[in-house]
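**Student:** The chain contents come next:
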Amino acid sequence: MGRIVLDKVTKSFGETQVIPPLDLTIENGEFTVFVGPSGCGKSTLLRMIAGLEDLTSGNILIDGEDATEVPPSKRGLAMVFQSYALYPHMTVRKNIGFPLRMEKMSQAEIDERVEAAAKSLNLVDYLDRKPGQLSGGQRQRVAIGRAIVRDPSAFLFDEPLSNLDAALRVGMRLEISEMHERMQTTMIYVTHDQVEAMTMADRIVVLQAGVIEQVGTPLELYHKPQNVFVAGFIGSPKMNIFSGPEAEKHGAATIGIRPEHTDVSMSEGTWKGTVGVAEHLGSDTFIHVHNTGLADMITVRISGDISVKHGDTIYLTPQAEQIHKFDAQGLRIE
Amino acid sequence: MSDRKLPRLLQTPAVLLLLVWMLIPLGITLYFSFIRYVLNSLRHPEWTSPSLSNWRGFGNYQFVLNSKDFLLAIQNSLFIVCSILFLTVILGVLIAVLINKSFPGQGIVRVLLISPFFVMPAVNAVLWINMILDPVLGLQGIAVGGINDILDGMRTMPVLGGFFSLWPEFEPISFRATQTSAIAVIMMVTWQWTPFAVLIFMTSLQSEDQQQKEAATLDGAGTWSQFRFLTLPHLGRPIAIVVMIQAIFHLSLYAEIEIVSRGNGNKNLPYLIGEFANNNIGAASATGIFAVILANIVAIFLLRMVGKTLME
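In order, the protein sequence lines correspond to chains A and B.
Heads up: the first sequence at position 234 corresponds to 879 in my numbering, and the numbers run straight through without jumps.
Heads up: the second sequence at position 65 corresponds to 66 in my numbering, and the numbers run straight through without jumps.
Any given hint could be a false lead.
Pair by pair, the computed Cβ-Cβ distance ranges are [unchecked claim]:
no.	chain 1	residue 1	chain 2	residue 2	range
1	B	Gln212	A	Lys719	19 to 25 Å
2	B	Leu233	A	Asn767	45 to 51 Å
3	B	Asp70	A	Arg746	24 to 30 Å
4	B	Gln212	A	Glu757	53 to 59 Å
5	A	Lys719	B	Ala296	16 to 22 Å
6	B	Ser103	A	Glu757	54 to 60 Å
7	B	Leu140	A	Glu754	52 to 58 Å
8	B	Val160	A	Met750	30 to 36 Å
Pairs of lysine to any residue, SDA-like flavour, derived with a Cα cap of 20 Å [said to hold, decoys possible]:
no.	chain 1	residue 1	chain 2	residue 2
9	A	Lys775	B	Lys102
10	A	Lys749	B	Thr218
11	A	Lys739	B	Ser205
12	B	Lys214	A	Lys970
13	B	Lys214	A	Val909
14	B	Lys214	A	Pro716
15	B	Lys214	A	Lys883
16	A	Lys739	B	Lys214
17	A	Lys775	B	Gly147
18	A	Lys719	B	Gly223
19	A	Lys739	B	Leu233
20	B	Lys309	A	His734
21	A	Lys775	B	Gly223
22	A	Lys883	A	Glu924
23	A	Lys719	A	His734
24	B	Lys214	A	Arg738
25	A	Lys775	B	Ile290
26	B	Lys214	A	Glu924
27	A	Lys739	B	Ala15
28	B	Lys214	A	Asp708
29	B	Lys102	A	Asp699
30	A	Lys749	B	Leu167
31	B	Lys214	A	Thr736
32	B	Lys309	A	Thr736
33	A	Lys954	A	Val909
34	A	Lys775	B	Glu209
35	B	Lys309	A	Pro733
36	A	Lys894	A	Lys954
37	B	Lys102	B	Tyr32
38	B	Lys214	A	Pro776
39	A	Lys749	B	Lys214
40	B	Lys214	B	Thr191
Since the hints were derived computationally from the structure, they do not count as laboratory data.
Note that CB positions come from ideal geometry on N, CA and C, so glycine has one too.
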């Protein structure tokens, strides 16, 4: 239960249209990530699904029923906010139990469900504390607990991890992924971090300026980006994208090659350049290559370590089958 | 000189000044409250200058306790303060929530709402008692007269006239009377101080987290539940502050009481002190000490309450 269909949905604030007509289907049980740069409308889209934002036109169907005019609380969706939005005057127990209390559920049943949710989130020891006494990760868990108890048909996450530090973020990412495996409930997750998108999603929706650039599994997006924007957005470090004579050689207006798909040699290769900064991560080395005549800078990623110094001459050879070609409109050429 | 002595020494003048500032008036009041000291006496001219030879012990306190107005003054002080607090907090919260929504002309409405606070207390009292509450010439008198005129007209109607003639004439209320003068004071002070509460609550409402409200909307909380479970707890602190500040101010109300009824049926402790001070400084000082004790009791309660909300 939890198939969400957006049918020609649009949103305007005054004169500005932030979301032009948009169609999207989110299948039941799917973990969908909306990803895109800031201001691309991904949060607005999520808030429209939640009912916090009115649609300018179009329809939203939840499980086949038109939910466009249904008030937020009746849509059967639960949302986790970036700021957690916990109720500061209530204990963790009351926070998690609040939606049930609003449903006028009996106190015994509320207690039972709150305990169960707290147990699954390792919050049992904190039930009588207030949000102010919790760490960021614990607050995030309380916010998730408040969503879980409602037993919603879909979860909506609005950049839930962006207020956490890097280590905690990786941990919570795993927890949310595991939660999805366990519950098999539809989840829609908004983020600007493509790593989060790649690691968690069943399906990624890449948005730019309110327009869907591509929908696909993480690996589809990685291997077959539909256009230059997706190619540059997905993958870390970013794909090297350039146009000019070198691109024309491949019969395209623009070509792209990922840093990890470029072979490096100190003596011979297709492209010649000088080494700029080399970032040694131990497992990998990122080398920034200048003066190739292709683009300002080309990044290459080498597995393991390599001893290069600033100013060394270096030769790069792209793996031919990994070159992405795009036409003048920026669309992929197969 | 050790490390601690120098800072202490440098603090001394300020601390001494504060002590002198506080202790000398209190000491003089205490002294006067234990002697016979009047401003004018033909029979006992020796009482007209303060002197230890006029020692009266607790006689002044006994005199105050036995005076018929003392209990009334204490009751009235508390009644007036509590009523004003109750009304200003409730009205303040309601108005603040109402004008926190955006609407055209918001700026002007807010300025107008604050303006009663800038009226001088004596002017406020004169305006209310003469122009609004006066049973003949005030708004009240005119309104009651108008209603009675309409009733008169309806009594002459053909069929329903009989029904309306059963209705009594409305009587305007005199707010200078013994029974009602305290009510008049409460009304005018509430009018003046509600803006203060609104101002404090409004600033607090503007800092309320909107995402919490959105989360509550999704959790199924309606407008009332959001107000009850989010806004009201959020306002706990400002309410405590408004209560404390107003309690301190309203325990010393004077101008309104003087202007409404010259203390007729409606005295509070400061007014009683003022009456005694017309001649009997000893008794006025004893009443002053009672007022200090009352204020301290109220302050302890309030500080507990405010402290509790601030600790959270």
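**Student:** So, for every hint listed, does it hold in this structure?
**Tutor:** Evaluated hints:
In this structure the hint that B/Gln212 and A/Lys719 lie 19 to 25 Å apart at CB holds, the actual value being about 20 Å. In this structure the hint that B/Leu233 and A/Asn767 lie 45 to 51 Å apart at CB is violated, the actual value being about 32 Å. The supplied range of 24 to 30 Å is broken by B/Asp70 and A/Arg746, whose beta-carbon atoms lie about 52 Å from each other. A hinted range of 53 to 59 Å for the beta carbons of B/Gln212 and A/Glu757 is inconsistent with their spacing of about 28 Å.
Between A/Lys719 and B/Ala296 the Cβ separation comes to about 54 Å, which falls outside the hinted range of 16 to 22 Å. Between B/Ser103 and A/Glu757, the C-beta spacing of about 42 Å breaks the proposed range 54 to 60 Å. Under the hint 52 to 58 Å, the C-beta atoms of B/Leu140 and A/Glu754, about 56 Å apart, fit the expected range. Checked against the hint of 30 to 36 Å, the pair B/Val160 and A/Met750 fails, with Cβ atoms roughly 57 Å apart.
Distance check on the hinted pair: A/Lys775 and B/Lys102 sit about 29 Å apart at the alpha-carbon level, beyond 20 Å; violated. Only pairs whose Cα atoms come within 20 Å are accepted, and A/Lys749 paired with B/Thr218 is accepted, the gap being roughly 15 Å. For the given pair, A/Lys739 sits about 23 Å from B/Ser205 by alpha-carbon distance, which is inconsistent with the 20 Å threshold. This hinted pair does not check out: B/Lys214 and A/Lys970 have alpha carbons roughly 48 Å apart, beyond 20 Å.
About 55 Å separates the Cα atoms of B/Lys214 and A/Val909, which puts this hinted pair outside 20 Å; it is violated. Between B/Lys214 and A/Pro716 the CA atoms are separated by roughly 14 Å; this keeps the pair inside 20 Å, and the hint holds. The hinted pair formed by B/Lys214 and A/Lys883 fails the criterion: a straight-line CA distance of about 39 Å is larger than 20 Å. For the hint pairing A/Lys739 with B/Lys214, the CA-to-CA distance comes to about 16 Å; that is within 20 Å, so the pair holds.
For a cut-off of 20 Å, the pair hint linking A/Lys775 to B/Gly147 is broken: about 58 Å separates their Cα positions. Note on A/Lys719 and B/Gly223: the hinted pairing holds, with a Cα-Cα distance of about 12 Å set against a maximum of 20 Å. For the given pair, A/Lys739 sits about 16 Å from B/Leu233 by alpha-carbon distance, which is consistent with the 20 Å threshold. Under the criterion of a C-alpha separation no larger than 20 Å, the hint pairing B/Lys309 with A/His734 is consistent with the structure, at around 13 Å.
Taken as a hint, the A/Lys775 and B/Gly223 pair is broken in the structure, with Cα atoms around 23 Å apart against an allowance of 20 Å. For the hint pairing A/Lys883 with A/Glu924, the CA-to-CA distance comes to about 14 Å; that is within 20 Å, so the pair holds. As the CA atoms of A/Lys719 and A/His734 are separated by approximately 25 Å, the hinted pair breaks the 20 Å bound. Of the supplied pair hints, the one linking B/Lys214 and A/Arg738 holds, its CA atoms being roughly 19 Å apart against a limit of 20 Å.
The hinted pair formed by A/Lys775 and B/Ile290 fails the criterion: a straight-line CA distance of about 44 Å is larger than 20 Å. Of the pairs offered as hints, the one joining B/Lys214 and A/Glu924 is violated, with about 45 Å between alpha carbons and a cut-off of 20 Å exceeded. Taking the CA atoms of A/Lys739 and B/Ala15, the gap is about 49 Å. The hint is violated against a cut of 20 Å. Annotation: proposed proximity of B/Lys214 to A/Asp708 is violated, straight-line Cα distance about 26 Å (limit 20 Å).
With a C-alpha separation of about 19 Å, the suggested pair B/Lys102 and A/Asp699 falls inside the 20 Å cut-off, and the hint holds. Annotation: proposed proximity of A/Lys749 to B/Leu167 is violated, straight-line Cα distance about 49 Å (limit 20 Å). Simply put, B/Lys214 and A/Thr736 have alpha-carbon atoms about 17 Å apart, close enough for the 20 Å limit, and the pair holds. For the hint pairing B/Lys309 with A/Thr736, the CA-to-CA distance comes to about 17 Å; that is within 20 Å, so the pair holds.
With a C-alpha separation of about 14 Å, the suggested pair A/Lys954 and A/Val909 falls inside the 20 Å cut-off, and the hint holds. For the proposed pair A/Lys775 and B/Glu209, the alpha carbon gap of about 17 Å is at most 20 Å, so the pair holds. Distance hint between B/Lys309 and A/Pro733 is fulfilled; the C-alpha atoms sit about 16 Å from each other, no more than 20 Å. At roughly 31 Å between alpha-carbon atoms, A/Lys894 and A/Lys954 are farther apart than 20 Å, so this suggested pair is violated.
Between the alpha carbons of B/Lys102 and B/Tyr32 the distance comes to roughly 56 Å, so the proposed pair goes past 20 Å and is violated. For a cut-off of 20 Å, the pair hint linking B/Lys214 to A/Pro776 stands: about 16 Å separates their Cα positions. Restraint check: the Cα-Cα separation between A/Lys749 and B/Lys214 comes to about 19 Å, which is no more than 20 Å; the hinted pair holds. Pair hint B/Lys214 plus B/Thr191 does not hold up; C-alpha atoms about 31 Å apart against a cutoff of 20 Å.
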